[in-house]
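Novice: On the provided structure of chain A, position chain V as indicated by the hints.
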Amino acid sequence: MTLTIATSLDDILAGLAQGARPIAGGTDLVVGSRQGKGSLPDTLIAIDRVAELNTIDVGADATRIGSGVTHARLMTDTTVVEQFTSIADASALVGSPATRNVGTLGGNVMNGSPAMDTGAPLVVLGAKAELASTSGTRTIGLDELWTGPGQTSANEDELCVALVIPNRPTASGSAYVRLEYRRAMEIAIVGAAASVEFDGDAIGAVNVALTAVAPTILEVTGLNGIVGSALDDATLAQVAEIASEQAAPISDLRASDKYRRHTIGVMARRAVDAAARRAAGEQIAVPVNRALGVGAVQ
Amino acid sequence: MAVTDMPEFIRADGPDKVTGTGRYTADMTLTGQLVAKFKYAEVTHAIITKLDVEAARAIPGVFAVLTAADVPDIRFTYGIADRTLFATDRVRFEGEIVAAVAAISDDVAQQALDAIVFEYDELPPIVDLEAAIADGAALVHPDVDSYVVTGDTPHSGNVATHSSIAMGNAEEAMSNAATVVTSRYVADASHATPIEPRAVVAQWEGERVTVYTSTQVPFDARNLVCEALELPANRVRIIAPHLGGGFGGKCGGHFEPHIAALARAAKRPVKLVFSRWEEFIAPDRRREGMIIDITTGVDADGKIVARTGNILLDNGAYLADSAFFPQAAAMHVAGPYVIPNVFIDSRLVYTNHQPSGSVRAPTAPQGCWAVESHTDEIAAAIGMDPLDFRRKNIVTTGSVGAVGQTYDEIGLDQCLELAAESAGWGNDLPDDEALGISVGWWPSFHSPAGAYAKMHGDGSIQVITGASECGTGSVMTLRMLAADELGVDQTDIELVYQDTGAAPAGPGSSGSMTLFNHGRAVERAARQIADQIKELAATELEANAADIVLADGKASVAGTPTVSVPIVELAGSSPDGEILGSATTEDIEWPEIKGSTCLGDQGFSSWMAPQFSCHVVRVKVDKDTGVSRVLEVHAAHDSGTIINPIAAHGQIEGGVTMGIGQALTEGTQYDDAGRQRNAGLLEYKLQTIADAPKITTQFVEIYTPNAGPRGAKGLAEAPNVATCGAVNNAISAAIGKRIYQLPMTAERVWAAMNDISLEEA
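Residue numbers (this note's numbering), protein chains in the order written: chain A, 1 to 298; chain V, 1 to 761.
Everything hinted at is true.
Listed below are the simulated DSSO-like cross-link pairs for lysine-lysine, each with C-alpha atoms no more than 30 Å apart in a straight line:
#, chain 1, residue 1, chain 2, residue 2
1, V, K694, V, K392
2, V, K267, V, K50
3, V, K392, V, K737
4, A, K258, V, K737
5, V, K623, A, K258
Hints in this document: simulated from the structure, not taken from any laboratory. In this text, all values refer to a predicted model and were calculated from it rather than measured experimentally.
Okay, chain A solo, but in the shape it has when bound (with noise of 0.2 Å):
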């Protein structure tokens, strides 16, 4: 096995070209290798060293995440915090410390799986993925991006280079909260993230997207009947039976499907409330599952 080590996007790209897989925090690539999910790869280029990777880019219309940026930083960064506030829940939230300060964005996204912490935040962001080759550079949304568990219509040789957010209107809030039976070095049973904008006293636009419940990360439709409504009770019962309906989970050893579909409606509930009330100006520490005990206890 050969690993270089790559000091530009271009080394990179041209690596990929010749067949080598790229390395970032390793998080689920050498662990999974570990746990006998599939060797390493021959040939590895590690990514995390690329400056252009790593930087948070403020536009007059969207926000350019990219890549290598790690999960403690997503955590922590005021754009990220302040603006796509949903990000930063679910990377407060991902493994340990250790896999935080390591574990990429995009690694996250390019692992395609449906546990994945970031996907739904992203999904009610409206982000869409760039990706990089020797041939050129093409965005596409994350819907085409996912295709089934672990699966990305991304070719071999392209990476992944940014994450594309449209900036966020006024009276805009998000939020992510997920299913915890402990509180540390947890993985998704059900996780939902919320967009919400209001519109004077009413919800102006919504957006839903689900974890761990469907092969990719599913967003909720049909939401819009409670546009227009007053966020209350009834408002965020019908999101959490809308959002029961739609989730098709199975049954495994963290959870069964019964009670998936259950928790689903929970999730999706309290994280449409979160990310309101951010939307109408409180502030909720980030992560929400520890600032308002949802999803776990706190």
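Specialist: Leaving out everything else, chain V in the frame of chain A:
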């Protein structure tokens, strides 16, 4: 020096462990060392039809491949000798070792495993406890009647051992009771889960073998090597480097004989390091699953008048050290209560699961969880506060307990009051929070143990002990005792431990016995040196030896501290060049105490220096999801005299946290064939430091005669006993429904709240 004057604990192994310079077994590398790997059955119940290792042996770089055919044909294990090193005609659990290889590298060892031809006819797995003891059930050990049986081990069919407690007339008393409550509790199996997976390195020099291994009890490991490989004790040396936790799971011998046999065959040192999966499936120290039926009758005043119990324990495929489990479980179902009429039947059942064995207070957390949950059910049935009900029924000084033992001075009643007061019992709490209470108990164990002590000519001191330091700090405490006897600073003493070639035998780190037994031996060995120092000082100071006091590194005449001589000078003046001490605990006599076990007595019918505890926990339940979190634990323990408060608090905090894990998240899940489905740390969920609650600990210090040094009882296991029961009582109080299965996972709590039945695998 009084115990309360003990200097603050300085942990000798602390810097090594904190800075990372400490070495564990897996860190060792010997010249020419080979890699060991095991071929596991993976199937849980089958008759072997073919086992051919010739192709594996032929692979270049493979130095040895062993099967049952290559080692002495010996069955071992106390109780029922049902074990062999390697599978013979059949396999009985997924982690059973079929063959072992030693090879030049990890890859080559894996190739060798893959080249082993292992064919079998599968048999229906025996995994259901009740079906296993039904008439006509297929047997896990069809030849069990031909095995050697030791001790009071009544066995029949799939019942490996059977124990009963009988006192008074339970049937009649029950029929006269004002209120009768019946409950069934089911506890899932769980694991000790030390963070260090097992490792073993063996090296032969001529006819002698040294085995470096992560065992908690080096002398048991030595005895197993000797027995299984037919070697005399003086040719087997076991050295345990630093241990990365044990929690009972590393008690006894495990894979030392396999690796010693491989090293002999390969003519090279051989090293085994377990993966986490192996650490889950292969050892014979799983915490047993249990089914517990309890019925209790109370009179109109709320006094318990009768209890009956029926307990089934899942032994798994082989006896490890589990022969006493039925009796221990029966003691817990009886509980630390005054009950005049008792009948409890307890059976250890063979299944095709991994063998069960000692994990921190074996059988106790489950038994206590069941009986303490049941106790709250009784209190509810008669409309009495759970604290008041316990006040009325627990054992106190002088009372005769449910197991027939009369107690001398004990402090359970004080534990109950202290924990309840600390927690604010009776105070209002938010709707989603509640307190739960549980009492618990656990014996202290006497075991032979020895110690040597040496004061060298330069005044430096070595204490050589058969004790093992698995992280509790109890071995580190031993030098406090020696320092106190000798009037020197504890840092002047170096410990030699975890080496059977250097120390006299002892129970190592098992059964909360380190301080209790090794402590007394160390104290007595040090005292022998102190006596010799006093003789030397008496000559030097022209005084009577009986008047010499050793303190602050000096020998002085009592009442005249200015007349003194440094101990270091006296050591140098010894005509032998050094001063030796050697002591054991074997000649200590114990008063006879009686119990009411009438069948299968494995030494648990009455409890020496019993430890008592009360835990009151405050739990918050997320009622939408069933996720429960323990916010506070108020623990009060009677463990006799506390010699090392820092280590004692550490034991309570660790034991409580381990108990919360077993209460909420730690349970082994099996497939239909009896294979573990969550044999990894992602799916077998330990508590993390982020989950740890605020733990408030109080000790009821009662000097206990016939106990350990200076009136100390054991302490390492007791904190793990009462937590699960208290958590259930708190959850039940918060949600108004009771949980009957352990662990009380979020999903099970949610299901109970909503009357949903879960179809679990």
